[in-house]
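All chains, full assembly: derive it from the sequences and hints.
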Amino acid sequence: MSGISAEQVAHLAQLARIDLSPEEILSLTTELDQIVDSVAKVTAVATPDVPATSHPIPLQNVFRPDVVGETLTLEQALQNAPAHDGSRFKVSAILGEEQ
Amino acid sequence: MSDNTRDIIRLSAADLGARIASGAVTSVQATQAHLDRIDAVDGAVHAYLHVAPELALAAAARVDAQIAAGEKLGPLAGVPIAVKDVLVTTDMPSTSGSKILEGYLSPFDATVVKKVREAGLIPLGKTNMDEFAMGSSTEHSAYGPTHNPWALDRIPGGSGGGSAAAVAGYEASIALGSDTGGSIRQPAHVTGTVGVKPTYGAVSRYGAIALASSLDQIGPVSRTVLDSALLQDIIGGHDPRDSTSLRTEWPSMADAARNANVQGLKIGVIKQLQGDGFQAGVLNRFTEALELLVANGAEIVELDAPSFEHAIAAYYLILPAEASSNLAKFDSVRFGLRVNPQGGGTVEDVMSATRDAGFGPEVKRRIILGTYALSAGYYDAYYGSAQKVRTLVQRDFAAAFSQVDVIASPTAPTTAFKLGEKLNDPLAMYLNDIATIPANLAGIPGITLPAGLADEDGLPVGIQFLAPAHEDARLYNVGGALEQLLVAQWGGHLLEQAPDLLELIAAAAEEGAR
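First to last, the sequence lines map onto chains A and B.
At position 12 of the first sequence (counting the first as 1) the number is 12 in the working numbering, and the numbers step up by one without a gap.
At position 324 of the second sequence (counting the first as 1) the number is 1324 in the working numbering, and the numbers step up by one without a gap.
Derived from the structure by calculation, the hints contain no laboratory data.
Just so it is clear, CB atoms sit at the ideal spot from N, CA and C, and this is done for glycine as well.
Any given hint could be a false lead.
30 Å max Cα-Cα, derived DSS-like pairs, lysine-lysine [said to hold, decoys possible]:
id: 1; chain 1: B; residue 1: Lys1099; chain 2: B; residue 2: Lys1418
id: 2; chain 1: B; residue 1: Lys1271; chain 2: B; residue 2: Lys1099
id: 3; chain 1: B; residue 1: Lys1364; chain 2: A; residue 2: Lys90
id: 4; chain 1: A; residue 1: Lys90; chain 2: B; residue 2: Lys1329
id: 5; chain 1: B; residue 1: Lys1099; chain 2: B; residue 2: Lys1115
id: 6; chain 1: B; residue 1: Lys1099; chain 2: B; residue 2: Lys1114
id: 7; chain 1: B; residue 1: Lys1099; chain 2: B; residue 2: Lys1072
id: 8; chain 1: B; residue 1: Lys1266; chain 2: B; residue 2: Lys1329
id: 9; chain 1: B; residue 1: Lys1329; chain 2: B; residue 2: Lys1114
id: 10; chain 1: B; residue 1: Lys1418; chain 2: B; residue 2: Lys1271
id: 11; chain 1: B; residue 1: Lys1364; chain 2: B; residue 2: Lys1418
id: 12; chain 1: A; residue 1: Lys41; chain 2: B; residue 2: Lys1114
id: 13; chain 1: A; residue 1: Lys41; chain 2: B; residue 2: Lys1271
id: 14; chain 1: B; residue 1: Lys1099; chain 2: B; residue 2: Lys1329
id: 15; chain 1: A; residue 1: Lys90; chain 2: B; residue 2: Lys1099
Some chain B residues close to chain A (C-beta under 8 Å, calculated; not the full set) [to be verified]:
id: 16; residue: Ala1314
id: 17; residue: Arg1338
id: 18; residue: Leu1427
id: 19; residue: Leu1431
As C-alpha cells, this is what we get:
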C-alpha cells in the first residue's frame, strides 16, 4: 500500500479548495490508496536515461503579431458572473479575521 | 412517425446532404424529422442535455433559402448535427456535464462549432457526457446517464456517450465529440458507430472545456466512415486561437474514404492489446476483420509494444495532474456556480464550498489525485515518471510504424456493460480505455468502426486502427475499405441489426409498469 492517510487527503483537499465532508475524505483515502498503488508501477520503468515528454507533438515559438485582436466586451465578460457591480466581479472578503 | 421521417433519419450524413443539395429534401424537413425522433426516444435514451428546436429550424430555413437562391454549399449543408456539451456555444448552454456550469452561456463559439455552422450544418442540441469528460459510461454526468440504444439498461460508453447514442439512435445524422483517452472511440465501439480521434493539433481545441490539455482532441462521431471523413475535412486545419494547432496541409479525408484500398497495406497487430481481459466475442470479430483484410490484399505483422503495459498507469497520473490544474478556474468568481457557506466566509471559503457542491465524486477523485501527483516530494516519482512512460510509448509506436502503415486492435476490452456495474470500482472503469489511451499519450490519430456483434451477448464490437501523427488519411483508407467489405457481407450497416428502439422503449415501459 502506498499509505495515503486521511490527514493527507484532507490537506490535498485544502490545497485543491474543495470542502470535502469527513465521509468523502474517508472514502477517497481508500480509493486513492488503491489507485496510487496501481499507478505507482510507472516508477519502475522510468529510468534516468529516458527523457520526459510533456507534449505529444512539440511545437516551438508559437507567436502571433503583437496587435490587438477581438476581445470580450465588458458585458460579455460579466455575463456569467455569480455577482458583479456592472464593471467588476464581486466576491466576499479576501482576508479572514485572523489575517 | 411517418415513413418519410423514418427514411430521412436513417440516411447517412453524406446521403442526406446530397438530397438536401438536390432539393429532394429540405433542411427544415430533415431537422424536423430529427426533432420528432428526439421527442419520441430521448426520454428513454437521454442522449441530449439540451435541445434547441427553434434555433435549429431557423438555421435550417436559412440553409434552405441559400440553396433556393442557387448558392453552392458544402456536402453536409443542411444536415443536423449533435454537439458534445464540452464544446461551448453562444446560443445553447454548455455545462460539460457538470452542475458547476449549469446554465453557462459562452460569449463565443468553439472553433469547431463555428466551422460546422459556416459549413451549413444544423446544431440540434448539446449531448450528455461524463462530468468534464471523466469517465467511460456517462454515469458520471451530473444530469444522469445516457442509455445505449442497443439495450437501454447498458452504458453507451463515455465520456461521449451522448453523441454516440444520438447518432446510433438516429437522433442526429452526425455529431461532434472529444477524445482524451478514448471518449470518442470507446462509445462508438459499444454503440455500433464510427468515431475518430484526429492527430493531436489537427482540429482546434479552442472553446473545448479543457480536461487534460496535452491529451484532449476534438473529432467526428458518425454512422459511416465517409461521414466522419467529411466532418473532419470541415473541422480540421490550423486555428490561430489554439497555440497547439498544427499548420499541416491536410489531404481530403473524404477522398481517402472514397478511394479506399488495402492492397499491399501493412497492418501491425500489437501483442499487448489483445490478450487478458478482452472478451472472446470482441477478439473473434477482431480476428475475422483482419482475415477479411488479408483476403483483400493486406498483410499482417505481429508487433511488440512492451511499454503499453504501463500506459494506463501513466495516463491516470498525467490526466489528473493536468485536470486538477485546468479545473482550478472554477473558483466561483467569474462564471459558474457560487455557494456561500453557512455564516458566510472569505472568498476562499466560498470557493471551497462551491467546489464541494459543484463537482461530482469522480471529478473530486481526480482533482485530489492530480494534486497529490503534482505535490512537492511526489512530483518526480509520479508525474515525472509518467511523462517518461509517455516517451517510451511514443518510441514503441515509432518502432511499430517503421514496419507497418497502420496498427489494428480491438477498440475496448468488452461490449457495453450494464449501467451501475462498474460505477463504484474506479480501477475497473479505467481499464475500459486500455486500447485507446496509448494514442492520446503519443498524439497519434485513431479510428474505430463496427466489426460485428459479440457471440455471447449480441452487442456491437468495434475495431480500432491507429496511424502515425499527420497520417489521418490512412485511417479513412483502411476504415473505408473494411467498412465496404463488412457492409457487403452483412447486407447493410451494422446498425440495421439493432433492435427497434421504439419497441425497446415500449418494452421497458411495460417492464416498469409491472
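### Task
Starting from Lys1099/B, check that the Cα of Lys1329/B is at most 30 Å away, please.
holds, 15 Å
### Query
Are Lys1418/B and Lys1271/B close enough, with their CA atoms no more than 30 Å apart?
holds, 28 Å
### Query
Holds or violated: Lys1099/B with Lys1115/B, Cα cutoff 30 Å?
holds, 28 Å
### Task
Would you check whether Ala1314/B satisfies its interface hint, that is, whether its CB is within less than 8 Å of any CB in chain A?
holds, 5 Å
### Message
So if I understand the rule, the pair passes when the alpha-carbon distance is 30 Å or less; does Lys1329/B with Lys1114/B pass?
### Response
holds, 24 Å
### Task
Below or equal to 30 Å on CA atoms is what counts here, so check Lys1099/B against Lys1418/B.
holds, 25 Å
### Query
Under the criterion that the straight-line Cα-Cα distance not exceed 30 Å, is the pair Lys1099/B, Lys1072/B satisfied?
violated, 42 Å
### Query
Given the proposed pairing of Lys90/A with Lys1099/B, does the C-alpha separation stay at or below 30 Å?
Cα-Cα ~21 Å, so holds.
### Query
Are the Cα atoms of Lys41/A and Lys1114/B separated by 30 Å or less?
violated, 43 Å
### Query
Between Lys90/A and Lys1329/B, is the straight-line Cα distance small enough, at 30 Å or below?
Within the cut-off at roughly 16 Å; holds.
### Task
Against chain A, run the beta carbon of Leu1431/B and see if the smallest gap drops under 8 Å.
Leu1431/B check fails; min Cβ-Cβ to chain A is 10 Å, beyond 8 Å.
### Message
So if I understand the rule, the pair passes when the alpha-carbon distance is 30 Å or less; does Lys1271/B with Lys1099/B pass?
### Response
violated, 42 Å
In summary, the structure is inconsistent with hints 2, 7, 8, 12, 19 from the numbered list given earlier, while agreeing with the others.
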